[in-house]
Each structure stands twice: as C-alpha cells, then as structure tokens.
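Chemist: Model the placement of chain B on the given structure of chain A, informed by the hints.
Heads up: the sequence lines are chains A and B, in that order. Per the working numbering, the very first residue in the first sequence carries number 1; after that it's consecutive. Per the working numbering, the very first residue in the second sequence carries number 1; after that it's consecutive.
The hints are simulated quantities; they were obtained by calculation from the structure and are not laboratory data. Note that the structure is predicted; figures quoted are calculated from it, not measured. Just so it is clear, CB atoms sit at the ideal spot from N, CA and C, and this is done for glycine as well. Among the hints, a few may not be true.
To be verified - Okay, the calculated beta carbon distance ranges per label pair:
#, chain 1, residue 1, chain 2, residue 2, range
1, B, G150, A, F74, 50 to 56 angstroms
2, A, K150, B, D132, 35 to 41 angstroms
3, B, P138, A, N151, 49 to 55 angstroms
As the list claims (entries may be wrong) - Computed footprint of chain B on chain A; a stretch qualifies when at least three of its residues, placed anywhere within it, have a C-beta under 8 angstroms from a C-beta of chain B:
#, segment
4, 108–114
5, 121–131
6, 233–241
7, 289–299
8, 302–310
The chain contents come next:
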Amino acid sequence: MEISGLIAYLVALAITAGIYAVFCLGLNIQWGYTGLFNIGIAGFFCVGAYTSALITLPTPTGIYAKYVHQLFGFNLPFIFGLFGAALVCGVLAFLIGIPTLRLGEDYLAISTLGIAETIRLIFNNEKWLANGARGLTGLPQPFEGLVDPKNYNYIYLLVVIFVLVVIYLLIERAIRSPWGRVLRAIREDEVSAAMSGKDIFNFKMQSLVFGAMVMGVAGALSAHSLKAISPEIFTPLYGTFIIWVMLIAGGSGNNKGAILGAYVIWGVWIGTQLMTDYLPYTLKARAPYIRFLVIGVILEIILIYRPQGLLGEEKKVSTMLE
Amino acid sequence: MLELVVYGIVFGSIISLGAIGLTLVFGIIRFANFAHGDLMSSGAYFALFMVTGLLSWIGVPDTTFGSLSFGWRMLIAFPVSMFMVGCVAIAADRILYRKLRNNKSSPVMLAMSSLGVAFIIRMLILIFWGADSLFYRPGLMRPALELPLGVKIRPDQILILFVVFSLVVLLHLYLQKTKMGKAMRATADNMELALVSGIDTERVIILTWGVGGALAAAGGILYGIDVQVHAYMGWNFLIPLFAATILGTIGNMWGALVGGLVIGVAQQVSTAFLLSTYKPAVAFMLMILILLFRPKGIFGGKQE
Numbered sequence: 001m002e003i004s005g006l007i008a009y010l011v012a013l014a015i016t017a018g019i020y021a022v023f024c025l026g027l028n029i030q031w032g033y034t035g036l037f038n039i040g041i042a043g044f045f046c047v048g049a050y051t052s053a054l055i056t057l058p059t060p061t062g063i064y065a066k067y068v069h070q071l072f073g074f075n076l077p078f079i080f081g082l083f084g085a086a087l088v089c090g091v092l093a094f095l096i097g098i099p100t101l102r103l104g105e106d107y108l109a110i111s112t113l114g115i116a117e118t119i120r121l122i123f124n125n126e127k128w129l130a131n132g133a134r135g136l137t138g139l140p141q142p143f144e145g146l147v148d149p150k151n152y153n154y155i156y157l158l159v160v161i162f163v164l165v166v167i168y169l170l171i172e173r174a175i176r177s178p179w180g181r182v183l184r185a186i187r188e189d190e191v192s193a194a195m196s197g198k199d200i201f202n203f204k205m206q207s208l209v210f211g212a213m214v215m216g217v218a219g220a221l222s223a224h225s226l227k228a229i230s231p232e233i234f235t236p237l238y239g240t241f242i243i244w245v246m247l248i249a250g251g252s253g254n255n256k257g258a259i260l261g262a263y264v265i266w267g268v269w270i271g272t273q274l275m276t277d278y279l280p281y282t283l284k285a286r287a288p289y290i291r292f293l294v295i296g297v298i299l300e301i302i303l304i305y306r307p308q309g310l311l312g313e314e315k316k317v318s319t320m321l322e
Numbered sequence: 001m002l003e004l005v006v007y008g009i010v011f012g013s014i015i016s017l018g019a020i021g022l023t024l025v026f027g028i029i030r031f032a033n034f035a036h037g038d039l040m041s042s043g044a045y046f047a048l049f050m051v052t053g054l055l056s057w058i059g060v061p062d063t064t065f066g067s068l069s070f071g072w073r074m075l076i077a078f079p080v081s082m083f084m085v086g087c088v089a090i091a092a093d094r095i096l097y098r099k100l101r102n103n104k105s106s107p108v109m110l111a112m113s114s115l116g117v118a119f120i121i122r123m124l125i126l127i128f129w130g131a132d133s134l135f136y137r138p139g140l141m142r143p144a145l146e147l148p149l150g151v152k153i154r155p156d157q158i159l160i161l162f163v164v165f166s167l168v169v170l171l172h173l174y175l176q177k178t179k180m181g182k183a184m185r186a187t188a189d190n191m192e193l194a195l196v197s198g199i200d201t202e203r204v205i206i207l208t209w210g211v212g213g214a215l216a217a218a219g220g221i222l223y224g225i226d227v228q229v230h231a232y233m234g235w236n237f238l239i240p241l242f243a244a245t246i247l248g249t250i251g252n253m254w255g256a257l258v259g260g261l262v263i264g265v266a267q268q269v270s271t272a273f274l275l276s277t278y279k280p281a282v283a284f285m286l287m288i289l290i291l292l293f294r295p296k297g298i299f300g301g302k303q304e
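This is chain B alone, in the form it adopts within the complex:
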C-alpha cells in the first residue's frame, strides 16, 4: 500500500506538470484547453522522434547514465521537445485561438476549437507512429532500489520527482521575480486592468502558452520514461488534469501541484481495490465530489 502511495506521488507529479500549465492557461487566457493532454503526448513523441531517430542519425551515443534508463540523447531531447511543444501551443494560439478572440467568440467556442486541436494532434501522432505503445529504450532491465519499509522504486522515478520539483521551483521564481512573471500574474488577476497599466497582454498570452506547452511536454516525456509512450496517453491524462486543476482552484499554481499529487495518489491507491483501467474514472469521481462540496477548490475563497 505504501508502495502504491509512492508510485502515486510519482504519477501525480507528472499530472501536476500538466495541471500547472492548464491552470495558467485557464487563469490567464480564460478557457478550458482540451488540447492540453494531447500537448503532453506531442512532447513525448517529439522526444521519441529525437531519441530514436534524429539523434541516433546524428550519432549521439546510446549510452545510459548509471542505473537510469536514458542518457545523452534524452538529455538533449528533453529541453528541445519542451521548446518545440511550447512553439506548437503558441502556433495554435496564433493560427486559431487569437482569431477566435478577435472575432469575439465565446470561451466555449475556444474550448471547442481546442478540442479540435486535440484531435488533430492525436491524428497526426497516429498517422506517423500508429496506435502501438512505444518505449524510449526497448527491452531494458530496470533495477529497483529498495527504500525503507520495503518500498521498491526505480532510479528513473526518483529522477522524475527531482525534475518535476526543479521545474516547479523555477516557474515559481520566474513568476515571482521577473517582470514578465509579474505581468503574467497581473493579467491573471484582471486582464483589463493589466492592459490599461501598459502590460502587453498579447505577449503575456504567448508566454503563457509557451510555458504551458513546455511543462506539458516535460510531463509527457517523463510519463514516457516512467511507463510508455502511447497515442491516447494525452486523452487519458485529460480528466486527471482537469480534476487536479479544479481541486487546486483554477489559476493557482501551487494548488495545481497539490491537486496533481492528490489525484495521482488516489488513482494509484485505487488499483488496490479496482481494475487499473478504472483510473480515469477515479479521477472523475473525485472531481465530481469536489464540484459538489467545494466547487472553488481547496484554495478557493468561500462560496458565495
């Protein structure tokens, strides 16, 4: 059981990366981005393309670091994929969402458009890679470390936790200390007020997409390292992402982190009682409970 909690924290930290991006987009651009899960998949597949294709073609050696399951190739692919998915998210905004905003379309239309983007990304993945589960490194021995109390954990998983928490701390510093970060927070609080205070809100929007996309890519790749890469992985992440975002109060970065961990642990622990295919349903049930009893999330103010 303790082992499931630990795995849940690892899985939850991956959900958190997606949920933080989702909550930023939700808070600043104010619509539900249904493509966020598929942004995670696109990150995982960008990295897959680089690790198994581009970088091996260039001749980057396929060695691994110590007992981790990846090496130089992944170290290069990771930041590049984050950057690329950031660009994909920005491109979707420039090509589609910005036009809809300028047309004065309702947020629902934007959400519909993002659902379309989700399907387009998934179909592209399916066209190029097919529907099979893929791995960054096939057929690998995965030595487990033994923690106290008999918890077995892979070195990869410890690294995943480390990466997630470094990214969250970096983002926190960015939002708190830099001018652009402050502008993002101001826009999240009140877009009109930010606009009249001379903040370039279009730039803030671009940056939000960039950050959200990059974090989603990181989450997707880490999931690929931990489990596998699959065309439908992003879709399966979508409900946990929204559950985490709502649980942690929309727009609240730390809330999304906590929400992600809670949902991740709940999903993993549920496998002790339920079939593991019910994991998305567990996230959904939690979300419904939150909506019933505390619709503004754990960090939200009192209900009116």
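Same shape as in the complex, but just chain A:
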C-alpha cells in the first residue's frame, strides 16, 4: 500500500473510532457516572441516525418517489440533523425512563434492550417511515463542496473531532458541577442520596436523557459518515456490545478513558481484521464471528482482571481541589 493510501485508511479509522468515542461519552454519563445500565444503545444509534437522515434529505420527487418512501424530508443543513437527532433521542429516553427508572437496574437494562430491538423492527418493516429494509442513501455531508471528494474524509475527521471535543468539555463541566456530584452519589448509594434530599428519579432521568442525546448526536455523525443507512446496521453487536466493551476497557467514570477505550478497542477490532485476512479461504466468510469472539473474550478478561479499565475513575472532584 502506498503512503497516501495508508493515511487515507488511518483517517477513515480515526473517524469511526471518534464517532464511537462520542457514543462512549454518552454511555459514560449514564453508566460511568450514574450507574444506569443501558444495553439498548443501538436503539438511540438508530433513532439518531434516521432522524438526522430525514431532516437533511430532501423529500423524494419524480421517479425517486416511487422507490423511496420516507415520512418527511426537510432538506436542512447538517447541523439541524445533529440537534434534531439529540432532541428526538432525548424524548425517547424520557419515555423509556418513566416506567423503568423507579425500578431496579435490571429492569432498565431489559427495557432498553427491548426498545432497541423494537425500533430496529419498526424501521425494518414500516416502509412509509424511512424506506424499510432498503434504508436511505445519499445523505448529505457538511462542507462537501469545498474539497475534492477523494479528500473529503479529512474534513469529516475535523467535524467529528470538533463535536467530540465540544461534548467532552460539556460533560466535564457538567460532571464537576454539583449536579455531577449528585449523580455520583446516586451511583454509590441511592438511599443516602435520597436521604440528603435529592430527587433520585429526577436526577436519573436527567442523566438518561443527557446521555441519550449525546448518543443521538453520535448516531447522526455515523449516518453522515456512512452516507447510506439501513436497519441492519443497528444490531446489538455493532450498536451496543462493542460500545460497552470500549467504555469498560477505557475506564467507566472517566471521560478520557471513554475516548481512549473507543480508539483502543476499535484498533483491536481492525487488528483482528488484518489477522483474519490470513485465514484459509473456507473460514474467511466466518471471520467477523471470530473477531467478535475475540472482543467478547477481551470483555470477560477485563471484567475479571481489570474491572476499572485502562485508566480507572478519576479521583478528582473539583478543579479547585488539587
């Protein structure tokens, strides 16, 4: 491979890992700081991606209208897609939170899992909503006219990094505020937090919604990076499981760890791809399964031998206290 090809490859990897890092930050708010067990990330991923797609795509006209069905198409700029995705995911999280947040953490887990599967089924079966199983294509990308399409990924990498940094700073700010301290208090001991007069349900709901909004943004970023989306992308494997492994590997309760974990695990994932290239031909078709097996085994090893992850939780509570 020549050097420019290698760089282009690395840029593409950095974009995907960066998007996963945004997901990890969202999950970190819910799980790392509040202890909410959300295993339906794929659902927010899916809703975020489709919301942004519908907001930014034009309504199909002419011959396209016969083949492409979608609920609406606003043809708005990319940034509206991001905010729209965050908004819709926030509302969805609010609705899930109502029946589940008063119950034990297992119930939230099962409910989020159920909602993720249900959402995928709806997008797969309801053709009028977003073209059913065939999905949507030709998603617009921000600043796409500025450079040669061949070099476009450099621009998108900058967009992803910009969003990542903004969200990182936002969460760091929030988590070091009194609000963030309440979340951690709830995670550590719900009863004593309640006894200190904190409304547990309200704080959990805020954390769930905030995290889901970040996931929505990540879903939108992912959609515009892929340019074409269909329901099969949002499976529990790619949409949920790998993100959990990333966060646990990096260190739950640590935003730098969340970002690091995303890059490390994505690196491992790509590394196993290079390894499975050497497999005999008959096994090649099953290479993705072998790669996911490796990710699963990594998760189990981390859970037992290094549950705090690579970085572990930061002890620092306030920037004033060094």
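Modeler: Okay, now just chain B, sitting in the frame of chain A:
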C-alpha cells in the same frame, strides 16, 4: 384464531422452560442472566450436532417414531444435550461469575459478563454452523391431526406440551421433596440465612445453573423440533423470557410457567393483526405494561 391460541400455548410452553430457568437463576443467584437465550440455542445446536453428526456416525438408525418427526437419535440427544448445557452454564459460573462474585463486583457487572457469554456462545455457533436456518430432519412431511373446532396440530406439538409439563412436574417434585430442592428454595428466600443454617450455598448455585441450563437446552431443542434451529433464536427468545419472568414475579417457578404461556399466546395471536416479525416487540410491549401497572408481577405482593 383458536388455532393461534393453541400454537401460542405450544410456543409459550417452550418460553416457559427458559423462563423457569431464568427465574431460578434470578431468584437464587440474583442477577439478570442475559446469556439464557443463548443457552437455549446452545442446547438446540448440541442436539443438532448429535442427531446429524455424532449419532449417525455411530450408526444409530434414522427412523422416526410413528407420525413424530424424530426417533432414537433425538431420544438420545435430548437428555445428553440437557446435561451438556447444564455443564456449560456451570462452567460459565465457575470460570467467570464466581470470580466476579468473589471480587465483590455489582450484579450489573455479572449481568454484563453474561451478556459477553451470550455473544461468545452465539459467535461459536456462527463459526461452526453459520447463519443459516437448519432442521433436525430436512424435507419431512408433517401430517396434521385435526382437533375439534377445526384446530390443526402436529403430533410433534402435542409431544412438546407433554415434555414441558413432565419437566415442570419433575422440577416441582424436586424442589418440594428433596433436601437439595429445599436448600435451593431456602437460598432463594434469604442467602445469608441459608448460609448460617449450614446450607452449602456454592453447591446450591452450581445446582441452580445445572437445572437452569438443562431446562434452557430442553426449550431450545423443542423449539428446534417445532420450528427450526437458528443462531439468533436465543437472542429472539431473550425478551419473551424476561417478559415471562417479570410477569410471573421473579423467583416464582409457577409464575414463570404462566408468564411463558401468556407471552406465547399473546405473541402468536398478534400475528393475526401484525407482521410476524413484530413478535419480540409484542412481548416487549407486554413487559412495559406489566412494569407500569404491576412491576412485581401477577404473583408479587402489593407494591410498597
């Protein structure tokens, strides 16, 4: 419509087998085992391996019993697979969950670990068998019996009901009459109290996994006989299993049985109005309704 109810009962009885195991694990070991659906798949694939591979290689004849769709091979494969999956569940506990318990990890970490186990089992199945749907006996005529009121049912399905209810009765007798069964119930009620009363709770945990795994395997194989064997079948069972468990109150074996039947019937009847691919969503919606109005299930005490 009546036919859908009957099919729902057959499907529901299979869900029940999984849900009973899940509710025992939930009640005694106290975490949500997300690998339970995939334990069902592993049972189905163990049986598939024996029926189409090992037993035909040994030379067990491939005849069928009367109008049933299986014969000696399945009769041997069934209990062996139950035993093997029981061992798989115990092995997962010894290798992973016990270490996490000893590390004082939270139940959520155990649940996460079980999610990992679920993916590992599914990936192993996909590596060895691929993603295609498979059958225990391909291309078979399935004669239907005609029950009163025009309900058509296959002999296999009657047998499935019979097997499920025998297993449930056996389990009930085991829990009520034997010393180990009583120890299991005591541990479910209060683990610390059981421990100080001299019950070997680690043994109870092993046994719970064994029973849960074996029942899951039975459920998986019966589903394979009724419909087909598929790598994602366990994952599709997961939401109905949890819905049945919560509906029937966590830890309650009879509740899980009833819950499984209710969810199974609801899923089948829904196909009269909705696409059949929405079946897991129907189970999920029922679960949300239960969580909203009766979070402790139908057999649970009053909400505080």
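Chemist: Indicate, hint by hint, whether the structure satisfies it.
Modeler: Structure-based check of all given hints:
| no. | hint | result |
| --- | --- | --- |
| 1 | B:G150 <-> A:F74: 50 to 56 angstroms | holds, 52 angstroms |
| 2 | A:K150 <-> B:D132: 35 to 41 angstroms | holds, 39 angstroms |
| 3 | B:P138 <-> A:N151: 49 to 55 angstroms | holds, 53 angstroms |
| 4 | 108–114 | holds (count 5) |
| 5 | 121–131 | holds (count 4) |
| 6 | 233–241 | holds (count 3) |
| 7 | 289–299 | holds (count 8) |
| 8 | 302–310 | holds (count 3) |
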